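Q: The primary structure of each chain is shown beneath.
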Amino acid sequence: MALILELAVQGAQMILVLLLAPLLTGFVRKVKARLLRRQGPSLVQPYRDLLRLMRKEVVLADNASWLFRVTPYLIFATTWVAAALIPTFATGLTFSWTADLIAIVALLGSARFFLALAGMDVGTSFGGIGSSREVMIASLAEPAMLLIVFSLALVAGATQLSTVAAFMGSPQVGLRVSLGMSLIALVMVAVAENARIPVDNPSTHLELTMVHEAMVLEYSGRHLAMIEFAAFLKLLLYMSLICCVFLPWGQATAEAGPESLAPGVVAYIGKLAVCGILLAVFETAIAKMRVFRVPDFLGAALMLALLGTLLLFVSRSL
Amino acid sequence: MISSAAVLLWGVAALLGTAVLAVSESRRSGSGTRLIYGLTLGISAAVLLVLASRIANDPVTPSTAALPLGLPWIGAHFRLDALSTFFLAVVNFGGAMASLYGLGYGRHESAPHRVLPFFPAFLAAMNLVVMADDAFTFLLSWEFMSLASWALVMAHHREQDNARAGYIYLVMASFGTLALLLAFGLLSGPGGNYTFEAMRAASPTPLATAFVLALMLLGAGSKAGLVPLHVWLPLAHPAAPSHVSALMSGVMTKVAVYGFIRVIFDLLGEPAWWSGVVVLFLGGLTAVLGILYALMEKDLKRLLAYSTIENVGVIFVSLGLALAFRANAMPSAAALALTAALFHVLNHSFFKSLLFFGAGAVLTATGERDMEKLGGLIHRMPLTSFAFLVGCVAISALPPFNGFVSEWLAFQAILQSPDLPEWGLKVMVPAVGGLLALSAALAAACFVKAFGITFLGRPRSAAVEPAHEVDRYSLTAMFSLAALCLLAGIVPGLVIDGLSSVTLPLIGSRMPVQMAQPWLSIVPIATSRSSYNGLLVFLFIAFSAAAAAYAIHRFASHAIRRGPAWGCGFADVTPSSQYTAVSFAQPIRRVFGTFAFRARETVEMPPPGQTGPARLDVEMHDVIWETLYLPIGKALDFATDHLNHLQFLTIRRYLTLVFLFLVVLLLVLALWP
Chain A
2 MALILELAVQ GAQMILVLLL APLLTGFVRK VKARLLRRQG PSLVQPYRDL LRLMRKEVVL
62 ADNASWLFRV TPYLIFATTW VAAALIPTFA TGLTFSWTAD LIAIVALLGS ARFFLALAGM
122 DVGTSFGGIG SSREVMIASL AEPAMLLIVF SLALVAGATQ LSTVAAFMGS PQVGLRVSLG
182 MSLIALVMVA VAENARIPVD NPSTHLELTM VHEAMVLEYS GRHLAMIEFA AFLKLLLYMS
242 LICCVFLPWG QATAEAGPES LAPGVVAYIG KLAVCGILLA VFETAIAKMR VFRVPDFLGA
302 ALMLALLGTL LLFVSRSL
Chain B
833 MISSAAVLLW GVAALLGTAV LAVSESRRSG SGTRLIYGLT LGISAAVLLV LASRIANDPV
893 TPSTAALPLG LPWIGAHFRL DALSTFFLAV VNFGGAMASL YGLGYGRHES APHRVLPFFP
953 AFLAAMNLVV MADDAFTFLL SWEFMSLASW ALVMAHHREQ DNARAGYIYL VMASFGTLAL
1013 LLAFGLLSGP GGNYTFEAMR AASPTPLATA FVLALMLLGA GSKAGLVPLH VWLPLAHPAA
1073 PSHVSALMSG VMTKVAVYGF IRVIFDLLGE PAWWSGVVVL FLGGLTAVLG ILYALMEKDL
1133 KRLLAYSTIE NVGVIFVSLG LALAFRANAM PSAAALALTA ALFHVLNHSF FKSLLFFGAG
1193 AVLTATGERD MEKLGGLIHR MPLTSFAFLV GCVAISALPP FNGFVSEWLA FQAILQSPDL
1253 PEWGLKVMVP AVGGLLALSA ALAAACFVKA FGITFLGRPR SAAVEPAHEV DRYSLTAMFS
1313 LAALCLLAGI VPGLVIDGLS SVTLPLIGSR MPVQMAQPWL SIVPIATSRS SYNGLLVFLF
1373 IAFSAAAAAY AIHRFASHAI RRGPAWGCGF ADVTPSSQYT AVSFAQPIRR VFGTFAFRAR
1433 ETVEMPPPGQ TGPARLDVEM HDVIWETLYL PIGKALDFAT DHLNHLQFLT IRRYLTLVFL
1493 FLVVLLLVLA LWP
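So the sequence lines, in the order shown, correspond to chains A and B.
Sequential numbering from 2 applies to the first sequence in our numbering.
Sequential numbering from 833 applies to the second sequence in our numbering.
Same shape as in the complex, but just chain A (with noise of 0.2 Å):
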């Protein structure tokens, strides 16, 4: 009986995640477009587009190899099982323990591995732009990301995601300098993987700018709706992940019982609109930057992160 329980939680958890990532971008979206003066779409515009790509006729260039067709399948896999895995609304989930923090970061590298491929694959310069573009940003993204990994797995003493939320929630963390790096280097790093302003524009269009966009210039129909969906996923992933670390307050544990987890959601679903809410103002905010001062922005968070390490190394207070 526990067991199904723990599945059914599992279960509900992957289709939470599923369900909440398209209303997520909406939200984001429409707060941006109010903070303009604009009326915005509505929430729900994400998932009528989603229904409405699907419904549509797949264009394929005509060189297009199985490797295209398969790939928007295997990215959207990835990141939803990446997604499935992070402590949303609670923790110590029954199949948490199949992928650590590292094994997460390293299931979003196959992701992208096979967008950028699937960027090269119909031989256009819009492709190879946008896939040699994203592997420059991902070698810098990836190591910073990994890096903060270690401070916090320095921190709790683990890499296992409801370890490190259990630890962070309890009064044994206190102020230190190396987790507010982290947060700070996190925060770089997920607006760089998500290809928000200022690192790329979700919403334009324009070749000398664009790096995500370029990769997926030849998709269309049910494809992009996959590809589209995965950008949906891995923005949430990222907004849960920075939660269940650096908000881990109010998460049903697995001692808690059932009926901690209707507050579980909740609060979940509050953190992640103030999330939304902070990424919307950040957006609006400040400019896009040019490609190659994207090395910069990372660096910094590069640096950020190896400070903190650094600072953990020599003193595990810090």
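Derived from the structure by calculation, the hints contain no laboratory data.
Heads up, a few of these hints could be off.
Unchecked claim - A few chain A residues facing chain B, derived, Cβ under 8 Å:
(1) Val60
(2) Phe96
(3) Ser126
(4) Ser133
(5) Pro144
(6) Phe151
To be verified - Pair ranges (Cβ atoms, derived):
(7) A:Met304 <-> B:Ala1104: 48 to 56 Å
(8) A:Gly300 <-> B:Leu901: 54 to 62 Å
(9) B:Ala1033 <-> A:Gly300: 48 to 56 Å
(10) B:Asp890 <-> A:Val267: 54 to 62 Å
(11) A:Ile278 <-> B:Ser1389: 33 to 41 Å
(12) B:Arg1432 <-> A:Ala301: 21 to 29 Å
(13) B:Trp1351 <-> A:Ala301: 35 to 43 Å
(14) A:Met304 <-> B:Glu1254: 18 to 26 Å
(15) A:Val267 <-> B:Arg1432: 52 to 60 Å
(16) A:Glu7 <-> B:Ala1391: 36 to 44 Å
To be verified - To give an idea of the chain B side of the interface with chain A (calculated C-beta under 10 Å), a few residues:
(17) Lys1281
(18) Gly1366
(19) His1385
Just so it is clear, the structure is predicted and the values come from calculations on it, not from any experiment.
Glycine residues also receive a C-beta, built at the ideal position from the N, C-alpha and C atoms.
Please arrange chain B on chain A, whose structure you already have, making use of the hints.
A: Leaving out everything else, chain B in the frame of chain A:
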């Protein structure tokens, strides 16, 4: 009952016999090729069976054999313990796969008499190095291995640059053997006992220990490809036929790693803590520089060779961690780090062989190694490209494949290191962790480029047009390796448990039993701390992808229309408008290349109103070659120039010189304290 070491010596003898047979057989092209590769495949498989029974029954108890060869007062000693069993398995599995691949690939060989005799000899030599139990046999086999592989590098000696590659390889190999010779001299001490048993019993002074470490880093490190001793590797490995490249990159570098582990972990005794710092630093430097070089490369086989350097760096980082933990009496952490290193040895032998086989298949099909002339091969060689893709994903350390597991173990070992007391290690370990993460991310970029430029896009030259799928032997070899890459990634516990018998005698500790974990997870320390389950990750991805695909095909539109790619309004855009290998790496070159290669770009734009083409010139320097090797070469030239006139003296002057030298020598001897 004949000991398994003796059985393996018969295997080596059979390989040497095959080499002799090959001298006459290689005149008959076709059937001779099949016979020789068939024999080496059979012998390697038989040796693997012996090793498998040993691993299954009792891998720990050493099995020895002695031959009355070599130095008259000691003979030649051979010994099989858990460490050598593991490395012999790597060597012979690589050999078996290369032979299988050679059955098909070897038919396209233009000069079989330059390859066939040396191929079995090379395999025999690598087996002998790993089995050797005294310094003399070890060095002799090592030199034999270098020479056999040198002959294979020179198989196509008339091709451009191959002679230079062979020359540099020969110089570096002699230098490496010299360093090893001196290291064994120090280990055997003034008594001069060359058996490994005596070296194990001896306790060298701290100074001698330091020298042995430095000499082993020079000797084994130059063979493995540690920066800055790597210069020969990207020249020599690609010059050989592709299945030999696979052996050199996938297996011979591992024999060098074996030599390092044998001497430093087994023969030398307790290490000093700073030895970990040195090895960590060199490993991290090697990993990052190796993969940066690979990213700048446009020759597919040289790219793979540079990526070998990166992987050797990753292995040495784990070895350095193991040394640091061992010096500070943290045996369980040391076992974790050593397991990570050995796991990566196994993984790299799988995927690097696979990738070189794939590069060989491309070379057979198109005659090109230059990626700028390839492209679109996924349509013409679908099976090869699938296997190559698996290799690319595995080497980029992406789950659920095997490369990720060994990197994950290395990261877990790094996270154990705050307990280390020394400040040097406290600062070095997180920095190296960052370098490791950087090299993993760059490796992914590098293999997106390798696969994307070679197999995806549109053909960049006419060489691609006649390409078709390769023979079934090559495909069998590639798909077996691809399957193993996945298998080692989803049941890593099996490998880790197998490696426990290696770490136990060397460090006195082992990782906890993994196969007893629920759901075949791997748990280095405790579940609450960190765990990874490749099987479930694989199943989850497969399930989610299948569910998504099912939902799409159930509910979404099925319509597909083929049309031209979007060309911004230009019709029939030429394939040369695609990204190339060099332009793909341009953003990374701008970020990292300015200090790693002193890269400089100059753009010449035509004046406004003129329609002439713009020019982009990229200037890059191989900093290590220019700052380390060229000055040495210049100094040698200078010295030989100025010593030359000593050859043309009169007899009186020679006599005077001899007399003066004698006097100086006697003076020194007299004044020596």
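Q: Please go over all the hints and tell whether each is borne out by the structure.
A: So, going through the hints one by one against the coordinates:
1. Val60: holds, 5 Å
2. Phe96: Interface hint status for A:Phe96: holds (7 Å vs cutoff 8 Å).
3. Ser126: holds, 5 Å
4. Ser133: holds, 5 Å
5. Pro144: holds, 4 Å
6. Phe151: Where the cut-off is 8 Å and the nearest Cβ of chain B is about 6 Å from A:Phe151, the hint holds.
7. A:Met304 <-> B:Ala1104: 48 to 56 Å: violated, 31 Å
8. A:Gly300 <-> B:Leu901: 54 to 62 Å: For A:Gly300 and B:Leu901 the Cβ distance comes to about 59 Å; the hint holds.
9. B:Ala1033 <-> A:Gly300: 48 to 56 Å: holds, 52 Å
10. B:Asp890 <-> A:Val267: 54 to 62 Å: Check passed, 60 Å falls within 54 to 62 Å.
11. A:Ile278 <-> B:Ser1389: 33 to 41 Å: Between A:Ile278 and B:Ser1389, where Cβ atoms are some 36 Å apart, the hint holds.
12. B:Arg1432 <-> A:Ala301: 21 to 29 Å: Cβ of B:Arg1432 to Cβ of A:Ala301: about 25 Å, so the range 21 to 29 Å holds.
13. B:Trp1351 <-> A:Ala301: 35 to 43 Å: holds, 40 Å
14. A:Met304 <-> B:Glu1254: 18 to 26 Å: holds, 24 Å
15. A:Val267 <-> B:Arg1432: 52 to 60 Å: Because 57 Å falls inside the window, the suggested range holds.
16. A:Glu7 <-> B:Ala1391: 36 to 44 Å: For A:Glu7 and B:Ala1391 the Cβ distance comes to about 42 Å; the hint holds.
17. Lys1281: Since chain A brings a Cβ to about 8 Å from B:Lys1281, closer than 10 Å, the hint holds.
18. Gly1366: With a closest approach of 9 Å, the B:Gly1366 hint holds.
19. His1385: holds, 9 Å
In this structure, only the earlier hint numbered 7 is contradicted, and the remaining ones agree with it.
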